[in-house]
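Peer 1: What follows is each chain in one-letter form.
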Amino acid sequence: MSLWQLLAQVYSYAMSLVRSKEVAFWVVVFPLILLTIFTTIFANPSDVTVEVAVAGDDNLLKEVMLDIETLSIVNASSRDEALEMLRNGSVDVAVYMANVTQQGDIKMPSRVEIYYLENISDSETAARIVEGVVSGFEDRIREGIVTFVEESNVVPDQMIGWVRFLADPVKTVSEGVEPKVVMNRGGLVLYWVISMIGVEVLFIGLYTGVMSIISKKQEGLLKVILSSPMSSTAMLLSDTLGNFLAVGVSIASIVLGGLILGADYTLLTPDRMAVIIAFSLIGSLFMTGLGLILSMLPKTIEGANALANMIAFPLMFLGGIVIPDIILPTYLRDFANIYPVSRLVKSMRDMIIYDIPTTNLLWDAVYGLSTAIIIYIIGFTVYRRLMQRAVENP
Amino acid sequence: MSLLVARGLRKKYPTGVVAVENVDLEMDRGIYALMGPNGSGKTTTLSMITGSLKPDSGEVLVKGYSMWGGGWVEARKLIGFAPQDMPFYKHLTAMNNLVYYGLLHSLSIFESKRRGRELLEAVGLWEARNRQVSKLSGGMRRRLAIAAALIHDPEILVLDEPASGLDPKAREELWSLLITQWGDRLIVFSSHDGEEVERFATQVYIMHRGRVIEKGEPEELKKRYMPHPKAAVLIPEGEAPTIDGVEPERVGMMYRYPLEKLTVEDIVHALREGGVKFTRIEVVEPSLSEVFISLTGERLS
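If you read the protein sequences in the order shown, they are chains A and B.
Quick note: numbering that gives the first Met the number 0 has the first sequence finishing at residue 393, numbered continuously throughout.
Quick note: numbering that gives the first Met the number 0 has the second sequence finishing at residue 300, numbered continuously throughout.
By construction, these hints were calculated from the structure, which means they are not laboratory data.
One should not assume that every hint holds.
[Said to hold, decoys possible] Using 20 Å as the maximum straight-line C-alpha spacing, the simulated EDC-like pairs for lysine to aspartate or glutamate come out as follows:
no.	chain 1	residue 1	chain 2	residue 2
1	B	K222	B	E194
2	B	K11	A	E391
3	A	K215	B	E194
[As the list claims (entries may be wrong)] Per label pair, the in silico range of CB-to-CB distance:
no.	chain 1	residue 1	chain 2	residue 2	range
4	B	V72	A	V365	35 to 41 Å
5	B	G38	A	N336	53 to 59 Å
6	A	Q387	B	R208	47 to 53 Å
In this text, a Cβ means the ideal position worked out from N, Cα and C, and glycines have one as well.
Build out the structure end to end from the sequences listed, making use of the hints.
Peer 2: The structure is reproduced here in structure tokens:
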């Protein structure tokens, strides 16, 4: 095996990037298109809006809720109508304000019923938001009462503390804290830059592995390679290096595209860029190994394409690469935690969005590299068997 | 020691077809042909001697190195192989492809470019060096295939149907190039064209149904199996009779009488006397195609 043999596929990939529109599209243009689409749709900071159906007589609480921008209030004439709107998905939460009574100039409900859709996480989350609003409203009422009691001197000073305790035993304060890279457009674009890097690592690695033998066989190249002094090991390593080149070019294209789209690269120092490249190559090695294992299934290039698409697209969305794992069901989050590419992508995000030090990523790097090596070795074994079969029975 | 030796080659495909049975070859410098019709085992034999297909049994030695043993790297370095449809990256240029093949054979990128330049000039493709392969004509691609097979300067050049699909002029140019530039090496080629083999090969292995049925120099084989011309008669209906004790060879609707004892006039007279209707009669000079017919009773192509 010579170094020049290892560079054979790297050379052909490099020349293909320059001379083949198809190759240039998939490696350079396609990730930019995806990045542009996702950032256009998802990279504009927007407020969460909760659709709430509210039934019950007008009262102060309803007025307060109407003033909150997060809540989009829809009036319902009755509890049943509100529940119906909830059931058919028109609203996220239904609220029924019962027993509205007047206290002086203020109308207040004595009971607030909050309804949400079971097993629908968005609806449950919306219900918690409304509960928070109601709870905040109650706190303000209690504060008002305690202040009135203090100022009216109807209760001795020694009892004021006790009254406060009764009104508000545990004072809860919640406050939002912005991440180091502010979740403005720059941060959101940065999120998608990392996602697209993950997508390219996934696709390029998987296709390299799945196509490793079948494409050469179908194009007649395998015959010539087998009659050359190049060993099957050298051929595979050469393919893998070519794959790394494609991933590297893709990363460069995506990072540049992100810059044009307004990504905030404040935390993207050279050492962090090196980590991104290293993690991407590790991920690519894993996917190449996986592709090699799968390569024993298809008999044609078309079959290999279909198989690779069938694996890659679900992994893209369900593996936490494009969609944040926080909104995935628990079992998929567990999967994303095990799946090396997801973990590596998450580490990259943590590093440049949340400023996690690179040293904290060591465990993820070790995990990623060791699983990649294991899968690659298994894939290599499959590859050797397929090459043996190709030589004996083309 | 002969440059290329193959002994007892056998190959049976999973379909049950025995493509090659007990084939022995021994070749030194010169131009050797494997001649036979489609399906006779030529391509399978070439694949086995170049290392792209492992025989079920038998061995291949290239200058003493075993193709399938410990010396497999050295054996493959000595051979340059151009299959019938040489695979190129069609979106890459002629030069790009030559550099790629050079790298496959462990040449450095600089050496590959240098050799590429030499070979493109030798095969007359230097002006087309930056043209994508998809834009080259069939003849140009064949010449590029030969250049690619020679990139690492091998001692043995193996070509599978080198002139297939080329017009007569392009074929002449190709062979002229091969003989003048690399005629001092061992060139092994396969062909189903008896005329091509006759004109360019110094030694012939005739293959039929996976076996070598005869071998030798073209002239020697013609003298042995067809020392005299023959008269070929096309009889659409009925059969040709024996004339003066001479029984004809039959190949489809064509009947061949050797002109050793008979003349064309004798044959025409005898057929008319016998009421045999024929549409054509022609004199066939000795050729390897006729040798093949004599040996097998079948046409070469």
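Peer 1: Give a verdict on every hint.
Peer 2: Status of each hint after checking the structure:
no.	hint	verdict
1	K222/B with E194/B	holds, 16 Å
2	K11/B with E391/A	holds, 10 Å
3	K215/A with E194/B	violated, 34 Å
4	V72/B with V365/A: 35 to 41 Å	holds, 37 Å
5	G38/B with N336/A: 53 to 59 Å	holds, 58 Å
6	Q387/A with R208/B: 47 to 53 Å	violated, 28 Å
The structure shown violates the earlier hints numbered 3, 6.
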